[in-house]
Amino acid sequence: MTLVRTPTPAVREGGVRLLPSAGLSPLLLPLALCITALAGCAGVAVQRAKDVSSAGIAYAQATAAVIDVAVDASIDFSSNNLLLIAPAPPLTEQVRKERETRLKERDALLVRSTLLYAQLKRSVNVTQAYFTALQQLADGSTAEATETAVKSLADRLNGVNQALDGGEGTASLISTKKRDAIGGLANLVVKQIHGAALGKALERDAATVGRALALQNRVLQAASDDIRANLINEAERGYRSRVLGPFAAGTMERAAWMADRKTFLKIQALGQTQQALDSAQAAAAQMETVWARILSGEYAAKELAVMLKDTEDLLAAASALKDVTAAESPAKAAAPKN
Amino acid sequence: MTTPRKPTQRTATPRVLAATRGLASPGAGPASLARATPSSHDELVALKRSLEGISASLNGVDPRHLSTQERSTWAQELDRVDLAIARVRVSLLEGIVAEFEAALPELQIATAQLEANLASLQNAVDVINVVAGVLGVIEKVIGLAG
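The listed protein sequences derive, respectively, from chains A and B. Here the working numbering is used: position 177 in the first sequence is 652, and no number is missing along the way. Here the working numbering is used: position 25 in the second sequence is 502, and no number is missing along the way.
Think of the hints as simulated: they come from the structure by calculation, not from any bench. A quick note: this is a predicted structure, and the numbers were derived from the prediction, not measured. Glycine included, each C-beta is placed from N, C-alpha and C at the ideal position. One should not assume that every hint holds.
What the hints assert, rightly or not - Footprint (simulated), chain B over chain A, 3 or more residues, beta carbon under 8 Å:
#1 536 to 550
#2 568 to 576
#3 624 to 636
#4 647 to 660
#5 674 to 683
#6 787 to 796
To be verified - Output of the computed footprint for chain A on chain B, the stretches with three or more beta carbons under 8 Å from beta carbons of chain A:
#7 530 to 536
#8 574 to 585
#9 594 to 605
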């Protein structure tokens, strides 16, 4: 069975507490050993749930961040194209009307896609809520609290017993050693219940979450494509006007030209990192496979984070572009107008 | 400098054709867009990438090196491609939204089950504490009666 692993320190500690010398009846020893072994499995399930939930939350947060950048990128992409083909004034009344209609048509589509991205972001948040609930359940072991409660219950039973026998000198119904042993046993039982609940939840929700992750991957891909398309066009435009143009004319200013050249070449390179992913279907299937393998223990939950590596590169490129265009705007504003 | 993505050659489904109507008839509005189904998702992604590749190629042209006629054709093409990309994007996102919306109820039920699991674990401790508390009261009552 793949789930059986080396017992965690907590389980070993629990095992020690259940030794016969601690006051537990020898008849209960096999039961205690069984529970100790099961608690080992439970520990693995708890750790897996913790890893999976952390990775799932990170994945949802990254997707939401990419959506935000994609909304801006899709609008900028269209704006740059429109600016590039804008005719020089003066314009006839007919051309003006045509241009107005054309802009409104594009704007209606961009408003629609922005709303759809917002809707997808809400759906991604629902996925994140699942992983947050899983994390809370994984972190929410009541083993220690149960042990304390059971010990307290044993003390109260002793107290009632002594009160019924009417004297301080009456022997305890449950000795301190037995009380501690029962408390330790309760701790292990709850750990087992906790681990079993998590294991069952991961198994029960595997298909649902796998589907949601695959859809999230589609969102990530669509948003990444919008960012990448804008990066490629912006890099091309920036390279032509700020690197190639000044170089050909021999008018470049050394430091600024070197910085621009480096920036636009890097943006262009980073904007093309995911081009190897030709099929959206393949990527979605890959996500479902990765999820299934994480649940079976074949992969570590880190695999989800590895799948985000290209996304991180893309966001870095988008951030670099934002910096360079932010630097460009004041320069344009300061430049004398022709 | 740009290495545009290669346009993908595929037979378009009616949904994909509907999404790209702008290339053939610029007057088609967003309301007429068909919703993407899972089977057409891949095609829409490929089509959008192909259009983005064309857009990158057109963006790579320096209009200062074109004649007036060439510049007019180039601007028209860039304009049509831009509109087509916007249409395909809407269709693509509508498809994903529809699929995601359909998957959400199940996900919300799963989340509620996790919350219920956590609550039941905490309830068990609460019950033991309540029993211990009741026994404590009984102990005091017996003590007072004695």
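Going down the list of hints, with the structure as the test:
1. Closer than 8 Å: that is the beta-carbon criterion, and the region 536 to 550 of chain A has 1 residues meeting it against chain B, so the requirement of 3 is violated.
2. For the region 568 to 576 of chain A, the stated coverage by chain B is violated: 0 residues have a C-beta nearer than 8 Å to a C-beta of that chain, whereas at least 3 were required.
3. Here's how the region 624 to 636 of chain A fares: 9 of its residues keep a CB closer than 8 Å to some CB of chain B, so the rule of at least three is met and the hint holds.
4. Check result for the region 647 to 660 of chain A against chain B: violated, 0 residues qualifying (beta carbon to beta carbon below 8 Å, three or more required).
5. Interface restraint, the region 674 to 683 of chain A with chain B: holds (4 residues with C-beta to C-beta distance below 8 Å; minimum three).
6. Three residues within the 8 Å Cβ limit are the bar, and the region 787 to 796 of chain A against chain B gives 0, so the coverage statement is violated.
7. Chain A is given as covering the region 530 to 536 of chain B, and this holds because 3 residues of the stretch bring a CB closer than 8 Å to a CB of that chain, at least three being needed.
8. For the region 574 to 585 of chain B, the proposed coverage by chain A is satisfied: 9 residues have a C-beta within less than 8 Å of a C-beta in that chain, meeting the threshold of three.
9. For a cut-off of 8 Å, the count of residues in the region 594 to 605 of chain B with a CB near a CB of chain A stands at 7, and the three-residue condition holds.
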